[in-house]
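Participant: Chains as they are written, first to last, in the working numbering: chain A, 21 to 234; chain B, 21 to 234; chain C, 21 to 234; chain D, 21 to 234.
Fair warning: there could be bad hints in the mix.
[Claimed, not checked] Here are the simulated DSS-like cross-link-like pairs (lysine-lysine), alpha carbons at most 25 angstroms apart as the crow flies:
id: 1; chain 1: A; residue 1: K119; chain 2: D; residue 2: K25
id: 2; chain 1: C; residue 1: K135; chain 2: B; residue 2: K47
id: 3; chain 1: D; residue 1: K25; chain 2: D; residue 2: K39
id: 4; chain 1: B; residue 1: K119; chain 2: B; residue 2: K135
id: 5; chain 1: D; residue 1: K228; chain 2: C; residue 2: K119
id: 6; chain 1: D; residue 1: K119; chain 2: A; residue 2: K39
id: 7; chain 1: C; residue 1: K135; chain 2: B; residue 2: K39
id: 8; chain 1: A; residue 1: K135; chain 2: A; residue 2: K151
id: 9; chain 1: A; residue 1: K135; chain 2: B; residue 2: K151
id: 10; chain 1: D; residue 1: K25; chain 2: C; residue 2: K228
id: 11; chain 1: D; residue 1: K39; chain 2: C; residue 2: K119
id: 12; chain 1: D; residue 1: K135; chain 2: D; residue 2: K119
id: 13; chain 1: B; residue 1: K47; chain 2: A; residue 2: K151
id: 14; chain 1: A; residue 1: K39; chain 2: D; residue 2: K228
id: 15; chain 1: D; residue 1: K228; chain 2: A; residue 2: K228
id: 16; chain 1: A; residue 1: K135; chain 2: A; residue 2: K119
id: 17; chain 1: B; residue 1: K228; chain 2: A; residue 2: K25
id: 18; chain 1: D; residue 1: K119; chain 2: C; residue 2: K119
id: 19; chain 1: A; residue 1: K119; chain 2: B; residue 2: K151
id: 20; chain 1: D; residue 1: K119; chain 2: C; residue 2: K135
id: 21; chain 1: A; residue 1: K25; chain 2: B; residue 2: K119
id: 22; chain 1: B; residue 1: K135; chain 2: A; residue 2: K119
id: 23; chain 1: D; residue 1: K119; chain 2: C; residue 2: K151
id: 24; chain 1: B; residue 1: K39; chain 2: C; residue 2: K39
id: 25; chain 1: D; residue 1: K151; chain 2: A; residue 2: K119
id: 26; chain 1: C; residue 1: K151; chain 2: C; residue 2: K135
Since the hints were made in silico from the structure, they are not lab data. Treat the numbers as computed from the prediction; the structure is a model and nothing was measured.
Chain by chain, the residues run as shown.
There are 4 protein chains.
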Amino acid sequence: MDQAKPLPGYLVQRFHGWKATAYHDNKAWYRRLYESGQHPRAMVISCCDSRVHVTSIFGADEGEFFIHRNVANLVPPYNPDGEYHGTSAAVEYAVTALKVAHVVVLGHSNCGGVKGCHDMCSGHAPELLEKSSFVGRWMEILRPGYERVAHLPDEGRVAALEKEAVVVSLENLMTFPFVRTAVETDRLTLHGLWTHMGDGGLEQYVPKLGFVAV
Amino acid sequence: MDQAKPLPGYLVQRFHGWKATAYHDNKAWYRRLYESGQHPRAMVISCCDSRVHVTSIFGADEGEFFIHRNVANLVPPYNPDGEYHGTSAAVEYAVTALKVAHVVVLGHSNCGGVKGCHDMCSGHAPELLEKSSFVGRWMEILRPGYERVAHLPDEGRVAALEKEAVVVSLENLMTFPFVRTAVETDRLTLHGLWTHMGDGGLEQYVPKLGFVAV
Amino acid sequence: MDQAKPLPGYLVQRFHGWKATAYHDNKAWYRRLYESGQHPRAMVISCCDSRVHVTSIFGADEGEFFIHRNVANLVPPYNPDGEYHGTSAAVEYAVTALKVAHVVVLGHSNCGGVKGCHDMCSGHAPELLEKSSFVGRWMEILRPGYERVAHLPDEGRVAALEKEAVVVSLENLMTFPFVRTAVETDRLTLHGLWTHMGDGGLEQYVPKLGFVAV
Amino acid sequence: MDQAKPLPGYLVQRFHGWKATAYHDNKAWYRRLYESGQHPRAMVISCCDSRVHVTSIFGADEGEFFIHRNVANLVPPYNPDGEYHGTSAAVEYAVTALKVAHVVVLGHSNCGGVKGCHDMCSGHAPELLEKSSFVGRWMEILRPGYERVAHLPDEGRVAALEKEAVVVSLENLMTFPFVRTAVETDRLTLHGLWTHMGDGGLEQYVPKLGFVAV
């Protein structure tokens, strides 16, 4: 591996700043996390989008949430075919090894992945239909959601699809036998959220009602 | 989707606290992020581990890093077979759509996923070899790394494998044509890091030298 | 005192969140509590255990309960020997200064202190017998309770001892002259509770019957 | 134990309300706390005062804080004389068994115990000097603090003594060998706080500087 470069200077500087302050003042907590292992109460599945920081909006400290982030906060359906499934591996580790009590799927406004899915499914992004498009293939997970919003007027259709990304993921989570068993034996609860990053709003999915403000 | 539950009360409370303070005081910035889209300077590939907060150690603000988190911060090799590849989709989106300048792979001490890989490859975790184990199949990505550390003495072998997880991912990144092109045309740099969460240490991968303290 | 450290940042953030919401919205009530003093209706004696929040299960607001929490919710016998007695001081203040109407002793399942007492009394924790063990000496208060459950089968004996911790404390409360007088003049009632934190159960002590579901 | 009474009806009603709502919706989390034990990150030593809810101001959930509450949030000096020491037992359990990373001493405005100490030490409460006064004997722990504020003008002297209650407790904590060792090996940090319940203020103790707003 010859192409790696040293860390940019501004990140080196910030790291040293963190170490001299936050780390220095909380050394005991970091050491404890190191020595006693993690015991997170929840898994959060969130988008890679740089504007979504679940640790901010919930005032979360290191150790609280096991966080998986992928494009459009999607969970694929259960499919144990022996191939690489990063999201499924994360869910399996959280539920069976860490035994988290909650899995929270957090969607958000202005999701580029969901916008791509919308354009692809409505015939406006042929390049995403190509086999070689990882983003296109990944967003196929959300196609059943697109079917449910396709009839909506233009305005609001993409936001509705962002919320479908949460619901589809919750549905797919229930296809994993270990998730279903944990839910049915009251060892795990599932939660769906969608945040509007412009106005700081947060909505939660409530069965029968849909998304309502927290 | 009938199984979703409302958000636990303490998270509702914390969210409202965030909204009344951090959001309220920075409304202009959140609104700008919403209206102008994201322009992250780097993609970070990090572990789901609850103890690893890349936003902390780099004092990162919303909008700075496009963050993908999976078990053991792994990137699989390029494989455009038309299936779901969440990590590859995230890399593709970051490099081709967002045109980030850096991709940083951040490994860490005490990684449960790497420990599982070590046990599986050394014959101590047969359950991870089963086809139905998502964690086991996912950790196969790191098997080439295990071959490189298998000869080491017990003590330190797992930590060495944690660092191999970074190197293997960097190597695999270079198998993506759009990554290789961006690197070779000086539009993208790759960086490998490993953090010791107990003593707050940070090491970076330097070709020829290996991991050295930042 | 040179060793004190600043408050961890996430707690600072959460405090500011609380102040901007719960405090802000209830300023009048907090101000009234400040200006008119406290008038709690009950004293609750509960365990330090992080999983026991008496304010949750009784939906208690600031100002309602005067709460003493110690290891295993124990009250020692009356012993005015001029030494420091924190629990006795709390009971005295609640009953004679605040004139609470109820004293509630709240035990709970999986109590680490009671488990230690069980192990110590049954000869499996010699380190707790040492003079220097504060936990061991404190749990001696419960030894009379151990004698009453020692004959029980293994299964269920520790839970029975958790309930004895409530009964012993109620018995010891009656050895305080000011408690006995208040009870006998109908100015104070005593209550014993035990909660199972796994299934959310709550049992109350009823003379002659023992513990029955609330 | 014949004097115990059934739980007052309004508390029975509130408990059933909690069980049908907060417990019901978070059954998985309560079950996890039951099955996996507690892993609190911090011990909080707070006053019994009904107006002080540390869980509120820090948005804390069940499982986060190991909470000891006594009159005036005091820690006595280390004294392993084989007698009952409830506070010392709580500190020992938190630091040596639970290995918490932080001990936070939280003082507050309008503390009745501190007011009593002030009156006793300044000769205005002879009844608290009697051997039989548990509150008086307990507040002797704070007498060294009184000596440090006795010269202050009337106005503000009691509030200064409330803050001394925090400092004296931090000093006494350091007399416990297991606390000192944990602090000196960076496994534990101590924190002093004082809250003004009327205006919702929070101050933290900073060595050399004294109490400053958070």
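Participant: Hints first: check each against the structure and report whether it holds.
Facilitator: Evaluation of the provided hints:
1. A:K119 to D:K25: violated, 40 angstroms
2. C:K135 to B:K47: violated, 51 angstroms
3. D:K25 to D:K39: At roughly 22 angstroms apart (the allowed maximum being 25 angstroms), D:K39 and D:K25 satisfy the hint.
4. B:K119 to B:K135: Measuring from Cα to Cα gives roughly 34 angstroms; hence the hint is violated.
5. D:K228 to C:K119: violated, 41 angstroms
6. D:K119 to A:K39: holds, 23 angstroms
7. C:K135 to B:K39: Violated - the C-alpha atoms of B:K39 and C:K135 are around 43 angstroms apart, more than 25 angstroms.
8. A:K135 to A:K151: holds, 19 angstroms
9. A:K135 to B:K151: violated, 34 angstroms
10. D:K25 to C:K228: The given pair, whose Cα atoms are some 12 angstroms apart, holds under the 25 angstroms limit.
11. D:K39 to C:K119: Violated, because 30 angstroms separates the two Cα atoms, which is more than 25 angstroms.
12. D:K135 to D:K119: violated, 34 angstroms
13. B:K47 to A:K151: violated, 41 angstroms
14. A:K39 to D:K228: holds, 23 angstroms
15. D:K228 to A:K228: violated, 58 angstroms
16. A:K135 to A:K119: violated, 34 angstroms
17. B:K228 to A:K25: holds, 12 angstroms
18. D:K119 to C:K119: violated, 37 angstroms
19. A:K119 to B:K151: holds, 22 angstroms
20. D:K119 to C:K135: holds, 18 angstroms
21. A:K25 to B:K119: holds, 18 angstroms
22. B:K135 to A:K119: Satisfied, since the Cα-Cα distance of roughly 18 angstroms is no more than 25 angstroms.
23. D:K119 to C:K151: Distance of about 22 angstroms is within 25 angstroms: holds.
24. B:K39 to C:K39: holds, 12 angstroms
25. D:K151 to A:K119: Answer violated: D:K151 to A:K119 is near 53 angstroms, above 25 angstroms.
26. C:K151 to C:K135: The given pair, whose Cα atoms are some 19 angstroms apart, holds under the 25 angstroms limit.
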